[in-house]
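Q: Chain by chain, the residues run as shown.
There are 2 protein chains.
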Amino acid sequence: MAKRNAFYAQSGGVTAVINASAAGVIETARARRAEIGRVLAGRNGIIGALTEDLIDTSKESARDIAALKHTPSGAFGSCRYKLKGLDESRAQYERLIDVFRAHDIGYFFYNGGNDSADTCLKVSQMADRLGYPLVAVHVPKTVDNDLAVTDNCPGFGSVAKYVATSMREAAFDVASMAATSTKVFVLEVMGRHAGWITAAVGMAEDAATPIPLVLLFPEIPFDEARFTREVDVRVKRFGYCCIGVSEGLQNAAGKLMAEAGSKDAFGHAQLGGVGPLIANLVRERLRYKYHWAVADYLQRAARHLASKTDLDQSYAVGKAAVELALKGHNAVMTAIVRTSDKPYRWKIGIAPLADVANKEKMLPRDYITADGFGITSKARAYLAPLIKGEAPPPYRDGLPQYVRLKNVAVPKRLATSFDIGK
Amino acid sequence: MAKRNAFYAQSGGVTAVINASAAGVIETARARRAEIGRVLAGRNGIIGALTEDLIDTSKESARDIAALKHTPSGAFGSCRYKLKGLDESRAQYERLIDVFRAHDIGYFFYNGGNDSADTCLKVSQMADRLGYPLVAVHVPKTVDNDLAVTDNCPGFGSVAKYVATSMREAAFDVASMAATSTKVFVLEVMGRHAGWITAAVGMAEDAATPIPLVLLFPEIPFDEARFTREVDVRVKRFGYCCIGVSEGLQNAAGKLMAEAGSKDAFGHAQLGGVGPLIANLVRERLRYKYHWAVADYLQRAARHLASKTDLDQSYAVGKAAVELALKGHNAVMTAIVRTSDKPYRWKIGIAPLADVANKEKMLPRDYITADGFGITSKARAYLAPLIKGEAPPPYRDGLPQYVRLKNVAVPKRLATSFDIGK
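Which chain is which? The protein sequence lines are H and L, in order.
Once you know that position 240 of the first sequence is 275 in this note's numbering, the rest is easy, because the numbers rise by one and skip nothing.
Once you know that position 213 of the second sequence is 248 in this note's numbering, the rest is easy, because the numbers rise by one and skip nothing.
Only chain H is shown next, with the shape it has when bound in the complex:
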């Protein structure tokens, strides 16, 4: 059997550990070089495939590929670029197959979230239609933790660890200042539709470290009167209150509290700014001195505080993708299957892409307390293992040492160029 090459691309928002998945794919492919050719990566994600801008990962040293495991961000570039339906965007899918054919790509590894799972499935279907032999495997990644079938999503555990740690640290700070200064602290976190990251803020406190917390989930419509009452009760009782608020917090009418106006390439509203909004509300209604923080990219890029569980799983889903592909599993996603809570055990499973594509796994209502402002023990049992373990990067001169790859381009073989549009 002739060895065929693999294509790997990163899609959507990057994470602290998506490069660990890349390392899993590349190192596994290298280990099985008898069966699989080079791994070509898309420069800036799927756009690299459309424009035939491919990176030859075989030019990278084993050491640099290993260093991907401790380097945040997308080493080959990612993109926000969504392919539409097969008929609507037929030219794009055909172009992908043309590029794959030109570079003898027999394996398509797409590392992303909901949208890219859908793209991966469609590429597989188009290859089928065109009679082009291709094995397409989706490698899960999203800090939002909203992919179906998989128990959790690579990238989420590290964000969860970051927001829980940050809130715990800030809570200690506020507690010591509250007598004469700041009494309310607001931390805005990511999670556009699902409150997984907001729930993770709740892990900041536990039996040994109680913290007066109020969480504002995107799943629970914001009720100003109830919210300010909850905050007031905590300040009066504990002297201070910490608030974790999702960027996707909505009002009763289902409108985003922080509608920024601008939209991203997928047509999603670009968020950011509900943190200061909530803080100002506290000042206006309760007259408490407040501070607020918006972690934004810091939370998803914080490789220095990555979860060891998350790192291990991110590598494993990449590694397993290659193994499954070599076994001929097509149109599937590598998934994380939780086999035990205590002790936490997990294994890699296989999810048909049709079960994953375009679905969104919301935070179950019973993970949120009845009052809507906290997390239940069920949520804690789910979240606890995901933030466990530390995996610090190497430091030099006081700073984490992250690798930048050479990213050598593969010579183009097609005479045609392709306009990806705007």
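Fair warning: there could be bad hints in the mix.
[Claimed, not checked] Covered by chain H, according to a simulated footprint, are these stretches of chain L (three or more residues, beta-carbon under 8 Å):
| id | segment |
| --- | --- |
| 1 | 199–209 |
| 2 | 259–273 |
| 3 | 347–360 |
| 4 | 369–377 |
[To be verified] Under the rule of at most 27 Å between Cα atoms (straight-line distance), these lysine-lysine pairs were calculated in the DSS-like manner:
| id | chain 1 | residue 1 | chain 2 | residue 2 |
| --- | --- | --- | --- | --- |
| 5 | L | 271 | H | 117 |
| 6 | H | 271 | L | 290 |
| 7 | H | 382 | H | 362 |
| 8 | H | 441 | L | 117 |
| 9 | L | 447 | H | 290 |
| 10 | L | 423 | H | 343 |
| 11 | L | 343 | H | 423 |
| 12 | H | 324 | L | 94 |
| 13 | H | 290 | H | 441 |
| 14 | L | 447 | H | 324 |
| 15 | L | 447 | H | 271 |
| 16 | H | 324 | L | 324 |
| 17 | L | 324 | H | 117 |
| 18 | L | 343 | H | 343 |
| 19 | L | 271 | H | 447 |
Calculated from the structure, these hints are not laboratory results.
Using N, Cα and C, we set each Cβ at its ideal position, and we do this for glycine too.
Based on the hints, put chain L in the right spot on chain H.
A: Chain L alone, transformed into the frame defined by chain H:
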């Protein structure tokens, strides 16, 4: 000679390592128990002394006191409460001496910044006037790094490490998204008057890790046209640009940009928001997609990422304060003296409080590049050793384990109470 007790209090904004100074004071006093009595701490800083709300640190286990070295925030509570001049606030100073006398306090250790150095000096002067024997030693602390005489301030190195690391991580993130998404990232950092923390953001990049950075210092009046041009040049050349902006950025008229800024959805002036302001400006003028983060308390509470240099020095200034006090040094501050840059060496020095009180050490102009948007090699040489070394806290179940002390109150001995006012 009769053993006399010590009073210790934390003042102003807390840090990731101020408790290490507390541990330095308490552990050293315990080691020299033949010469010094108990360490009584002020609950919520100097307010605890005024209201005779003292904490008996002798009730805390050796293990818990040691745990202060890895616990951020102010373990006894801090406060923002400034004593005025000796004549203006005479009643307050007299009350302090009354409380000290009632508890046989012969040593006053005050852990804070500029204001508290001044208070420490005045308390010492008042004790003199009243003929009350007291040795007053100031223990330096401020993330702003703006205390005179000392080469650097405990607390600053850890914030510097945090902002440099965070910007480096975010820059990697933005670099991988810039082709189709975010091109400009803004990180707002602390430092109201002096640009030390802003300068530290510049450490995110080095020869091995170039990053297109623009820094906005409080020392350099904001020039919108020049700024947007700098950003535009970098985006056009590198594909993206990262901006570190001081919360204290001022316009040409010397007015804080954050106060000249926008209003929120409720129509209130948005406070502490120069980060989003700058980000919006980038969008308005350059039409680039942006993201912004405001680290706020996260930066000064981030014990998980503390600098080992900073931690060691924070402990040392506390330890030395006790040693100096026992030698009879009065109205002084323990200072950090840099004896060598390469290799970095430092020792503890003695600074007369009169040389420290109410002075502000600004970032030298030659630490900022001529164009006003970056840092010079001189700044790098100064900053490099301060962020060096890691000192992670212990983790349990994926989160840093921070100690909360019992903070047992010392029974009151005075019949009078004291109104600290509002």
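Q: The structure should be examined with respect to each hint, and the outcome stated for every one.
A: Checked hints:
Counting residues of the segment 199–209 of chain L whose CB falls under 8 Å from any CB of chain H gives 9; the rule of at least 3 is met. For the segment 259–273 of chain L, the stated coverage by chain H is not satisfied: 0 residues place a CB nearer than 8 Å to a CB of that chain, which falls below the threshold of 3. Counting residues of the segment 347–360 of chain L whose C-beta lies closer than 8 Å to any C-beta of chain H gives 0; at least three are required, and the coverage claim is violated. For the segment 369–377 of chain L, the proposed coverage by chain H is not satisfied: 0 residues have a C-beta within less than 8 Å of a C-beta in that chain, short of the threshold of three.
For a cut-off of 27 Å, the pair hint linking residue 271 of chain L to residue 117 of chain H stands: about 24 Å separates their Cα positions. At most 27 Å may separate the alpha-carbon atoms for a hinted pair to count; residue 271 of chain H and residue 290 of chain L exceed this at roughly 36 Å. For the given pair, residue 382 of chain H sits about 18 Å from residue 362 of chain H by alpha-carbon distance, which is consistent with the 27 Å threshold. Of the pairs offered as hints, the one joining residue 441 of chain H and residue 117 of chain L is violated, with about 56 Å between alpha carbons and a cut-off of 27 Å exceeded.
The straight-line distance between the Cα atoms of residue 447 of chain L and residue 290 of chain H is roughly 55 Å, outside the 27 Å bound, and the hint therefore fails. Taking the CA atoms of residue 423 of chain L and residue 343 of chain H, the gap is about 24 Å. The hint holds against a cut of 27 Å. Note on residue 343 of chain L and residue 423 of chain H: the hinted pairing holds, with a Cα-Cα distance of about 24 Å set against a maximum of 27 Å. With a CA separation close to 33 Å, the supplied pair residue 324 of chain H and residue 94 of chain L exceeds the 27 Å bound.
Of the pairs offered as hints, the one joining residue 290 of chain H and residue 441 of chain H is violated, with about 44 Å between alpha carbons and a cut-off of 27 Å exceeded. Among the hinted pairs, residue 447 of chain L with residue 324 of chain H is inconsistent with the structure: their alpha-carbon atoms are about 30 Å apart, more than 27 Å. With a CA separation close to 25 Å, the supplied pair residue 447 of chain L and residue 271 of chain H stays within the 27 Å bound. Restraint check: the Cα-Cα separation between residue 324 of chain H and residue 324 of chain L comes to about 32 Å, which exceeds 27 Å; the hinted pair is violated.
Between the alpha carbons of residue 324 of chain L and residue 117 of chain H the distance comes to roughly 17 Å, so the proposed pair stays at or under 27 Å and holds. Taking the CA atoms of residue 343 of chain L and residue 343 of chain H, the gap is near 23 Å; set against the 27 Å cutoff, the hint holds. For the hint linking residue 271 of chain L to residue 447 of chain H, the alpha-carbon distance of about 25 Å falls within 27 Å, and the restraint holds.
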